[in-house]
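Hey, can you work out the whole structure from these sequences and the hints?
Each chain is listed here by its residues.
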Amino acid sequence: MRTGAEDRDALQDVYRLTSAKLFGICLRICGERSAAEDVLHDVYLTIWRRAGAYEPGRASPISWLATIARNKAIDWVRARGARPAHPVEEAALVADPSLGQREIVERDQESQRLHDCLDALDERARDAIRTAFFDGATYAELAERKNVPLGTMKSIIRRGLLQLRGCVDDA
Amino acid sequence: MTPDAPDPDMTAAELALGLLDGEERAAALRRVLADPDFAREVEDWRQRLAALFDDYPEVTAPESVAARLAQLGQPTASSPSRRARWPIAAMVTAIAAMLALFVILRPTPQIVAPPHRVMVASLMMSDKSAAVPAMVDMTTGEMRVGGAAMAPAGKTAQLWMIGGDGVPKPMGMLASSGPSRMVLPMEKRHSLKAGVMLAVSIEPLGGSPTGLPTGPVVASGKLSLA
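As you go down the protein sequences, you meet chains Z and D in turn. For the first sequence, numbering that gives the first Met the number 0 puts the final residue at 170, and the numbers step up evenly by one. For the second sequence, numbering that gives the first Met the number 0 puts the final residue at 225, and the numbers step up evenly by one.
Honestly, the hints are just simulated from the structure, not real lab data. All C-beta atoms, glycine included, are put in the ideal place defined by N, C-alpha and C. Take these hints with a grain of salt, some might be off.
[Said to hold, decoys possible] Sample of chain Z residues with no beta-carbon within 12 Å of chain D, all distances over it, derived:
no. : residue
1   : 119
2   : 122
3   : 146
4   : 147
[Claimed, not checked] Derived coverage of chain Z by chain D (criterion: at least 3 residues anywhere in the stretch with Cβ under 8 Å from a Cβ of chain D; other residues may be distant):
no. : stretch
5   : 16-24
6   : 35-47
Encoded structure:
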């Protein structure tokens with residue numbers, strides 16, 4: 000018979016194995032530490048309550064958890080209505096570059112293919128798509144940051160995404 | 000594509016990436032509910048882009064969050080009943096087990112070795128009371144099944160695989176208590192692939208005398224790539 004303590008231990012194991020990655024995601028998107036901590040807490044509460052919704056066939060567990068963290072962090076940013084001035088720089092200051100390096104080495108085949116295909120895009124498209132993913136930025140925010148008209152930003156990204164899909168699916 | 004051509008419709012990717020806001024986002028979300036093909040496309044994009052999660056730098060999480068989480072599961076007025084929470088806790092355990100395996104199998108940077116292919120299954124108990132994690136390392140043939148007392152005294156729990164031909168093939172006996180570990184011979188390893196069903200039946204001590212399940216199936220789940 001399981002006990003409450005065992006249940007907590009299981010969640011603590013998940014936390015121990017995943018919290019550095021998920022906190023990295025929250026911090027990068029929220030751009031400030033105290034908000035990232037609150038979002039991280041909310042992420043694990045969600046995992047605790049919604050673990051039954053995890054379908055092993057659909058995504059790797061870490062992708063499932065990372066998707067929850069990214070969505071929660073984006074929700075927080077959008078609910079607040081404004082974005083910190085320099086989200087990237089602030090997150091980069093507290094990041095541990097040695098861990099990032101290690102992960103690059105550990106890329107699996109599928110991940111390598113996506114990265115190769117991104118590298119094949121022209122620089123503007125690649126930069127915009129990566130920024131959209133890592134910062135959770137919308138079209139409007141990207142257009143403002145890059146100082147280009149909204150329609151131009153949409154065109155750059157849509158064509159980039161079309162090329163990316165063709166490249167990933169053909170490989 | 001000429002510069003004048005209209006933009007391709009990439010709404011599924013735009014939704015998965017989070018590029019849309021306001022009414023555009025609301026419309027795309029409505030389309031997910033109304034159009035299964037579109038919903039699948041969004042999910043495909045999520046999976047394609049999931050590789051980018053590798054690039055987020057890891058940042059040590061604060062102790063305070065772990066401490067707040069440690070309060071979970073303490074009996075409080077608002078916590079769900081044990082009965083309702085049990086399968087959820089079992090799924091957390093399954094995720095923890097899979098992640099632990101991930102960490103063990105990820106090679107250190109110095110070792111350049113092909114990644115081990117791992118198949119996982121979550122064996123749901125027939126009464127839905129819990130899910131038991133099962134994992135196979137396809138490189139070494141090592142199979143692990145999480146601990147769960149399934150068989151009553153005087154009986155044994157036997158693991159089976161059911162592939163495309165629909166015929167159950169015996170894989171081994173599960174330990175009467177605690178996790179089970181077995182090494183699968185090469186020919187059994189070859190027939191394991193995503194979608195193959197694993198099942199546990201209750202059999203006489205020593206296993207089914209007929210080579211096919213004779214007792215009730217108490218847990219089952221499909222294999223998928225980890």
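Of the numbered hints stated earlier in the document, which are not met by this structure?
none
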